[in-house]
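J.: Chain by chain, the residues run as shown.
Protein chains: 4
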Amino acid sequence: MGILRLSHVDITVPDMDLAKAYYTGVMGLDITETTDDRAFFKCWDEEDHHSLAVRYDPRVGIDRFAFKVETEDDLADLEKAVESYGFHVHRVSRGEEVGQGESIRFETPSGHEMELVHEVDKVGGRMSKLNPEIPIDLQGIAPPRMDHMLINAEEVGESAKFFMDVLGFRMTEQLVGGDGHQIGVWMERSHSPHDIAIVNGPNGALHHFAFWLDDWDHVRRSADILAYNAIQIDVGPTRHGVTRGNTIYFFDPMGTRNEVFTGGYRPDPDFPTITWTEDNIGQAVFYYEGEVNERFVTVHT
Amino acid sequence: MGILRLSHVDITVPDMDLAKAYYTGVMGLDITETTDDRAFFKCWDEEDHHSLAVRYDPRVGIDRFAFKVETEDDLADLEKAVESYGFHVHRVSRGEEVGQGESIRFETPSGHEMELVHEVDKVGGRMSKLNPEIPIDLQGIAPPRMDHMLINAEEVGESAKFFMDVLGFRMTEQLVGGDGHQIGVWMERSHSPHDIAIVNGPNGALHHFAFWLDDWDHVRRSADILAYNAIQIDVGPTRHGVTRGNTIYFFDPMGTRNEVFTGGYRPDPDFPTITWTEDNIGQAVFYYEGEVNERFVTVHT
Amino acid sequence: MGILRLSHVDITVPDMDLAKAYYTGVMGLDITETTDDRAFFKCWDEEDHHSLAVRYDPRVGIDRFAFKVETEDDLADLEKAVESYGFHVHRVSRGEEVGQGESIRFETPSGHEMELVHEVDKVGGRMSKLNPEIPIDLQGIAPPRMDHMLINAEEVGESAKFFMDVLGFRMTEQLVGGDGHQIGVWMERSHSPHDIAIVNGPNGALHHFAFWLDDWDHVRRSADILAYNAIQIDVGPTRHGVTRGNTIYFFDPMGTRNEVFTGGYRPDPDFPTITWTEDNIGQAVFYYEGEVNERFVTVHT
Amino acid sequence: MGILRLSHVDITVPDMDLAKAYYTGVMGLDITETTDDRAFFKCWDEEDHHSLAVRYDPRVGIDRFAFKVETEDDLADLEKAVESYGFHVHRVSRGEEVGQGESIRFETPSGHEMELVHEVDKVGGRMSKLNPEIPIDLQGIAPPRMDHMLINAEEVGESAKFFMDVLGFRMTEQLVGGDGHQIGVWMERSHSPHDIAIVNGPNGALHHFAFWLDDWDHVRRSADILAYNAIQIDVGPTRHGVTRGNTIYFFDPMGTRNEVFTGGYRPDPDFPTITWTEDNIGQAVFYYEGEVNERFVTVHT
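Protein chains in written order, with the UniProt record's numbering: chain R, 1 to 301; chain B, 1 to 301; chain H, 1 to 301; chain U, 1 to 301.
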């Protein structure tokens with residue numbers, strides 16, 4: 001089956017205590033492990049070791065992002081595919097990286113370090129696997145799981161081609177300029193509107209990563225929790241034209257943009273790509289506002 | 001019992017056809033009557049003749065607003081009270097005004113024409129009074145009823161005093177400056193967070209009137225309908241600190257600000273007034289954003 | 001103004017520890033005071049001392065219910081009105097009853113002990129009266145406030161007449177038999193669909209009291225919490241035809257029926273009464289099911 | 001990739017006019033084609049020719065159900081797999097069946113006729129593929145798409161084995177008896193909690209098929225529409241323990257059980273199966289009620 005879904009995002013923060021306080025107390029994630037300079041977090045309904053890793057660094061930024069593949073063979077196949085495309089692949093052996101086994105790393109055309117991983121330690125979710133009960137005492141925003149991420153690229157089309165031709169992603173939506181070149185692409189492997197999006201911007205930059213919420217009411221509760229904790233909201237609650245999902249963008253206290261997201265359709269490989277033209281960029285990004293604010297376009301980490 | 005609730009708002013528009021198209025097709029109101037230069041609208045769950053009257057005028061503005069009183073005696077008592085306060089009262093006889101009977105009109109300290117009315121023609125709502133069914137085919141936003149309005153006043157405290165001492169309104173919330181003077185007041189008669197609010201601004205101006213929605217999901221549907229119809233959203237979906245209700249502000253195509261509103265508490269006369277200090281004005285007005293945008297403060301009709 | 005709203009319900013339970021555990025841990029109320037044989041509870045958004053009083057007694061039942069009046073004069077006026085109607089009134093002096101001042105008690109035509117109270121100790125709600133924030137850490141169902149109650153009467157029409165003619169209630173809805181006699185009546189003082197309902201059944205019995213929820217999503221969360229705590233659900237989540245509100249009925253572990261309720265219209269004194277005919281009783285009570293289950297009709301306390 | 005999702009369910013009805021009236025007017029589906037004795041329906045967000053086919057027959061029942069495969073090769077591979085398992089496969093050529101191309105049919109161990117189809121005519125959904133707008137004028141329940149179905153089998157374990165070993169389904173949940181045998185299994189191909197479920201009952205029977213709703217509010221609106229149209233609700237609105245989704249079961253006017261469903265988790269192939277034990281069957285099926293009603297267990301078509 002190849003790539004299943006976004007596995008984890010590894011970011012850097014200048015204040016580990018603040019990061020831990022925010023991602024547990026406000027976002028409602030669980031810490032599954034800490035090391036000297038790192039902390040690992042997961043959502044309550046996730047089974048795997050972590051979906052977010054935070055490392056201390058004076059600079060706010062992104063180390064890498066990882067997608068999970070179904071089998072050991074998928075890992076080998078994708079390794080060959082990336083190398084055939086002309087990119088160097090670095091093997092990470094079991095034991096080298098916290099919470100996971102054998103994996104591969106390489107640089108994408110947009111200059112991001114990307115990881116593919118097969119084995120991830122199973123730590124289990126909050127619901128039992130035997131006669132489970134719906135959890136009623138979740139604290140903070142408490143998204144059930146990580147959903148997707150958006151990275152920037154100077155050449156969106158080149159990056160999209162790599163993700164589709166080499167890694168097997170399928171394009172659900174695209175935003176195209178007057179001359180037909182791609183300004184943004186939304187691609188999936190998990191039968192959701194997007195697992196990764198690539199939008200025009202500086203190579204190597206992270207625009208945001210997003211947590212899944214179950215519904216519009218959870219979006220409001222998230223906004224209540226953000227406001228209570230004086231977290232700066234970037235945009236929302238609102239709706240995207242792209243994906244037709246509902247959303248809030250906001251910044252963690254160190255400066256990385258987070259999103260909470262819900263809704264959208266459920267695409268299979270036979271889903272025809274949706275195209276947005278540049279003159280509709282406002283509605284494509286923020287369907288209610290009909291325009292994109294400056295901060296949303298210019299702030300990356 | 002005196003004043004019951006906001007009865008109707010009378011605005012002026014430069015394009016009657018556009019007004020009719022918007023208030024029926026987008027807002028989902030019913031037209032109950034039209035005359036040469038006026039159109040009368042009501043919400044689907046309202047029984048009275050109209051809650052919005054629109055008159056042709058080259059200028060966008062407000063003619064007056066009306067509150068409904070319970071009895072004929074209430075009308076007489078309030079007439080005396082207003083006159084005792086030193087204001088001239090104009091009697092409108094049955095037959096003089098469309099859709100209503102005997103009423104009184106006078107100018108408020110803030111220079112608005114206000115009306116009190118007892119008799120209003122009953123045209124009935126969409127639900128039967130005998131074994132009613134929940135309506136399932138409402139079109140447009142279709143709020144069940146008008147909820148409240150916000151007017152501007154140069155001297156908020158003076159206006160608040162008039163509404164409370166003479167007309168019997170109760171203050172649920174106030175926004176006060178550093179020296180203790182009132183920048184905004186929210187007052188009610190209907191056991192809801194507010195029937196009328198007065199905020200610092202030019203005398204005689206209308207800031208907005210608001211329709212009630214039943215819940216947060218109806219707020220999202222309203223935003224979907226507004227976006228579909230390319231209606232300019234001013235702010236929202238968001239939450240107010242004041243009233244703790246959820247809201248969207250937007251402009252009708254002629255330029256009058258509308259609101260859809262839901263939520264809040266249910267205050268009785270023993271409800272202790274909530275005070276907001278000026279340094280919290282952002283959270284008071286827009287709880288999620290934590291700041292008030294320029295347009296919201298400066299645009300009135 | 002007279003009667004404002006349902007103030008508190010006083011019930012008896014055979015297990016005080018269980019009652020405290022349930023009404024705090026599951027229902028999410030706050031205990032404001034305990035005495036040797038009683039415990040007093042309030043909802044998070046209520047300002048008054050209590051809306052539920054629980055007394056130890058081997059028998060599950062109801063001691064009395066109390067409505068709050070606006071002024072001392074209202075208390076005196078209603079005292080006279082009840083006495084004029086031929087009923088004996090018992091004065092309760094300040095200091096005699098926990099958490100409240102001067103009040104009156106009398107027996108209704110249906111054999112219930114009813115109380116009217118003016119002074120109630122203000123203990124305050126969870127939200128500040130100065131720059132309040134939306135609470136985000138409520139536990140259990142946590143309704144913002146008590147809403148209404150339903151009592152039984154052998155002669156519904158006689159009881160309705162007493163509540164309307166003597167106490168000033170207004171009838172929003174009624175269920176009538178083929179010969180026109182009233183099987184059920186819903187009456188209000190607080191501009192909500194009902195503060196008290198009276199339905200045919202044994203004199204002196206309590207059918208249920210109900211807590212207010214803010215929306216349909218809170219109804220689902222309540223059901224999740226009830227199921228998690230193995231609380232027996234009687235009916236719901238569903239909708240009433242009467243009031244058009246959404247609801248769940250369930251039993252506290254001692255056997256008193258509780259309800260959580262939301263929605264409905266906002267009636268003023270000019271609201272025309274809605275009539276349901278007996279052949280539509282199913283839809284009137286449970287709009288989705290279209291029928292009333294045996295337990296709902298026969299179990300009272 | 002093999003099987004993608006449930007493609008369509010083919011049922012029989014004794015009244016075609018009533019079926020058309022219900023599936024368009026109440027359920028809100030679109031008719032895409034009619035023949036002498038059949039009608040084909042799709043949901044508004046589906047691109048394919050139909051997800052429900054209705055054929056006239058004096059008896060209410062099921063003709064077959066079809067799953068869609070990704071490629072022509074998948075069809076050939078699965079054909080071989082089914083034949084290797086010892087089952088006869090019938091090839092349906094392009095042109096033989098309405099709205100679809102080459103497909104295969106065979107009988108499952110539970111005696112159901114099952115179809116696998118690759119080519120289905122694309123008729124397109126309601127949203128444009130170019131700068132799409134959120135539809136705001138959907139009528140009836142209007143689910144965006146078909147979701148899953150539940151069939152009965154005398155030997156659940158044998159059927160589950162066939163679906164998993166031969167067709168590649170993954171088991172998300174199972175209900176097991178005291179001796180460890182499977183009473184029910186829930187299986188998926190589309191990364192949703194279930195595409196098909198098999199529960200103990202008579203071979204060849206259809207228990208229900210289910211339409212997807214986007215959220216809990218759409219569940220309530222569905223109930224409003226069902227009640228308005230006097231459609232018999234079987235159970236709900238409620239929640240399942242299995243899948244943790246929200247649901248209503250009801251019968252179309254001819255007698256086939258329908259479901260509307262929302263929620264649940266998003267499982268990948270690494271999702272560990274959840275097990276329910278028979279003593280928790282009540283909570284597994286109806287999480288709020290904690291018990292399964294007789295009709296739900298005994299009525300099939």
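In short, the hints are calculated from the structure, not lab data.
Please note: incorrect hints may appear among the correct ones.
One copy or two, either will do: identical chains are not told apart, so a pair holds if it fits within one copy or between any two.
Unchecked claim - Distance condition first, Cα-Cα at most 27 Å in a straight line; then the derived DSSO-like pairs of lysine-lysine:
#1 Lys122 with Lys20
#2 Lys161 with Lys80
#3 Lys129 with Lys161
#4 Lys80 with Lys129
J.: Each of the hints needs a verdict: does it hold here or not?
T.: Here is how each hint holds up against the structure:
Taking the closest pair of Cα atoms, Lys122 and Lys20 come within 27 Å of each other only inside a single copy of the chain (21 Å); across copies the shortest separation is 40 Å, beyond that limit. In this assembly of identical chains, the alpha carbons of Lys161 and Lys80 lie at most 27 Å apart only when taken from the same copy (17 Å versus 34 Å across copies). In this assembly of identical chains, the alpha carbons of Lys129 and Lys161 lie at most 27 Å apart only when taken from different copies (21 Å versus 40 Å within one copy). In the homo-oligomer, the alpha carbons of Lys80 and Lys129 never lie at most 27 Å apart, since the shortest distance is 37 Å inside one protomer and 35 Å across protomers.
Of the numbered hints listed earlier, the single one contradicted by the structure is hint 4.
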